[in-house]
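Novice: Heads up: the sequence lines are chains D and U, in that order. Under my numbering, the first residue of the first sequence carries the number 1, and numbering increases by one thereafter. Under my numbering, the first residue of the second sequence carries the number 1001, and numbering increases by one thereafter.
Simulated from the structure, these hints should not be mistaken for lab results. Positions of the beta carbon are idealized from the N, C-alpha and C atoms, including for glycine. You may find that some hints are simply not true.
[Claimed, not checked] Per label pair, the in silico range of CB-to-CB distance:
hint	chain 1	residue 1	chain 2	residue 2	range
1	U	Ser1174	D	Arg19	27 to 33 angstroms
2	U	Gly1116	D	Ala150	39 to 45 angstroms
3	D	Arg103	U	Thr1252	49 to 55 angstroms
4	D	Gly250	U	Val1027	57 to 63 angstroms
5	D	Gly177	U	Ser1389	33 to 39 angstroms
6	U	Ser1174	D	Thr252	55 to 61 angstroms
7	D	Glu220	U	Gln1294	40 to 46 angstroms
8	D	Ala197	U	His1351	33 to 39 angstroms
9	D	Arg19	U	Ser1099	22 to 28 angstroms
10	D	Ala197	U	Gln1048	46 to 52 angstroms
Here is how the chains run, residue by residue.
Protein chains: 2
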Amino acid sequence: MTTEPAGAGALLAILRDGRARTRTELVRLTGLARSTVTQRLDALADQQWIRPTGDGILSGGRPAVAFSFNSEARTVLAADLGVTHARIAVTDLAGRLLSERSREMKITEGPEHVLGRLVDEFTDLLTEVGRTLADVCGVGIGLPGPVEHASGRPVNPPIMPGWDGFDVPGWLSSRLGAPVLVDNDVNIMALGEHWAANPEMGHLLFVKVGTGIGCGIITEHRLHRGAQGSAGDIGHIRVVEAENEPCRCGNTGCLEAVAGGGALAARLRDAGLDASDGRDVVSLVRAGNPTAIQLVRQAGRNIGDVLAALVNFFDPGVIIIGGDISEAGEHLLAGVREVVYSRSLPLATQHLSIQGRQLDDRAGVIGAAVMVIEHTLSPEAVDRAIAASDPQEPASA
Amino acid sequence: MTTEPAGAGALLAILRDGRARTRTELVRLTGLARSTVTQRLDALADQQWIRPTGDGILSGGRPAVAFSFNSEARTVLAADLGVTHARIAVTDLAGRLLSERSREMKITEGPEHVLGRLVDEFTDLLTEVGRTLADVCGVGIGLPGPVEHASGRPVNPPIMPGWDGFDVPGWLSSRLGAPVLVDNDVNIMALGEHWAANPEMGHLLFVKVGTGIGCGIITEHRLHRGAQGSAGDIGHIRVVEAENEPCRCGNTGCLEAVAGGGALAARLRDAGLDASDGRDVVSLVRAGNPTAIQLVRQAGRNIGDVLAALVNFFDPGVIIIGGDISEAGEHLLAGVREVVYSRSLPLATQHLSIQGRQLDDRAGVIGAAVMVIEHTLSPEAVDRAIAASDPQEPASA
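With the hints as extra help, turn the sequences into a complete structure.
Specialist: Okay, structure coming up:
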């Protein structure tokens, strides 16, 4: 059913800005009866989501003068799994990294092996920061392939043998005892970049240029997943230059087939250079190889061709270019900008910023944590958690 | 400042579903004190936004047993201005047409002439349905060109001489005494189609194929206007077939330059046929002219090329094709479907419906009314209206 317009969760949402507020302020802000505010603050304090601050001390059972959000009330586990390595972290409810690490981990070794190692790493990290699984409110996982967000299961992931349809949330939550949310790596990176670098920007596109090319879409500060959850799959948009280029998706002419890391490496091999993947392309660019530089610049233009259309359609305020290939420096970004600013409508590009990523390779793991935090602290979830913990507090019908 | 989580506006939002509710039900649903609910129901009843129903009669000043939304409390004026004609209507707060008419009206005659005629038509319609300007809560206007939504002023409209920067809301509201909201015709059509035909579909694209080609974007049931308000301008996305075709925007190769009504008419003239605009194209198609039919089918494919990319990016649940050229029957739609279903990703097209418009040429005027209704009945606006009308009710800080 509908959430109570001013349940405990709505009170907590007010307090999440970090400012402490008295009961009187909260009565005035919400229009709730004073007794209702007191009851809800008690419930939030029972769950440790808020704590008394300022001159407030609990005396004789009476609540303290002011209350503020307790971002340390729970712990979040987050992991960004790539094809060959993983970044793993523990954060608080404000998204602050308490501890983190990067590990070699091959996604091709299959879900039970990879997720098993992840459980060990999480347990180890928790010990390191002096927390236990009992403190964990949720686990956020990013995977390098399409994920059905509602179920958290990978859907026909092309480079993840053994993962198709695997119940990632079920497997992990039975071992970690907390809810598990899964999304693709591009979406969590978009969440991370938006959260850390551009929280005031309502409409943002994050483009990951790696082996594949994908886009995370933020509109009105939220992830746009689309009707089927497949939004942002721009790697298979057709580009003119790739007209006859076969793509792994079964179609021809896809953006990925001309500007993805694998395609770029193949072209460098055709030119007699030693390049087996996108990282080699980046190394050649950094070494100043003119063929590699021209190729990456052209890849930027091809991506720019697609983005020019998307800018007219979506009118974002910011486009962030990330992914392995973006590490080749300004060449990729320059190609993108060149085409977008010449092809998109002046009104849409007037204040458009096209920039490199802000968060280095931590965008994914921070975004995975943000996904869990937003889920855990949504007013509906907070109300449900309180109702579940206290049999005397009836759940709203 | 923030809206009260459970102010009078939030109560009204609960009642807008049309079901009557007692005070006791509202106390339970909101968690508000009974006295607060009573006070807010009184304020809503004072404004006639709600009325007692069922066995409820006002006796001795005591509120009735149940309250329901009064969609007749206010009247909405709405107009959809095209290049050569206008559709004008009066609706209630549920978007029901109380009366409407279509008039020849040339947008090229300038804002004062056109808006002056509009004021006369609105006044006349109000008399016809037995209402007065005092009943009007807002005026919604659709214009055939770009509009800065916040100010309601046209921005460099290409086919509206004299309108650039004209203060449409100021001019109209000084004569009609009500707030005026203005948006471009495509956005209001998208609102109308979503409201009337697909209210359950969160993500919808409405494509208008007329002299120009534009797209209205609905995401999470709301219009997506973008960072600069220019979202949906898909007519100037580059298409391969139009590579060297000059466009009125100053670029070459735009979709509009190959698939817009003017471009189609020009191609028919090149083939020796008599066609001065999109309507002549439609007439020729309806008369069975094979050249015109092939041309419209190809225009559908060109539009499909653009939409195929947007489907991968945005993953809508429904695409609705409207505008003058869509009246040419199934040929345009067939061309669009042909390309989208062959080019877009299978996951995104699995449940995608591409369909003709549901609302004939009333989509715009109904959408203009919906724009006003959503604005008038937003919880924030209701709270503000109540605070403004009653000096004893303090506005929330």
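Novice: Against the range 22 to 28 angstroms, how does the distance between the Cβ atoms of arginine 19(D) and serine 1099(U) compare: consistent or not?
Specialist: violated (51 angstroms)
Novice: Verify the CB-CB distance for serine 1174(U) and threonine 252(D) against the hinted window 55 to 61 angstroms.
Specialist: holds (59 angstroms)
Novice: Just tell me: holds or violated, for the beta carbon distance of glutamate 220(D) and glutamine 1294(U) against 40 to 46 angstroms?
Specialist: With Cβ atoms ~42 angstroms apart, the hint holds.
Novice: For the hint 49 to 55 angstroms, verify it against the beta carbon of arginine 103(D) and that of threonine 1252(U).
Specialist: holds (51 angstroms)
Novice: 39 to 45 angstroms was suggested as the range; check whether the CB atoms of glycine 1116(U) and alanine 150(D) agree with it.
Specialist: violated (54 angstroms)
Novice: Can you tell me whether the CB distance of glycine 177(D) to serine 1389(U) sits inside 33 to 39 angstroms?
Specialist: violated (54 angstroms)
Novice: Would you say the C-beta atoms of glycine 250(D) and valine 1027(U) sit inside 57 to 63 angstroms of each other?
Specialist: Holds, at about 59 angstroms.
Novice: Holds or violated: the 27 to 33 angstroms window for the beta-carbon distance between serine 1174(U) and arginine 19(D)?
Specialist: violated (42 angstroms)
Novice: With respect to the beta-carbon atoms only, verify the hint that alanine 197(D) and glutamine 1048(U) lie 46 to 52 angstroms apart.
Specialist: holds (48 angstroms)
Novice: At the C-beta level, are alanine 197(D) and histidine 1351(U) separated by a distance inside 33 to 39 angstroms?
Specialist: holds (35 angstroms)
Going through the hint list in order, the structure does not satisfy hints 1, 2, 5, 9.
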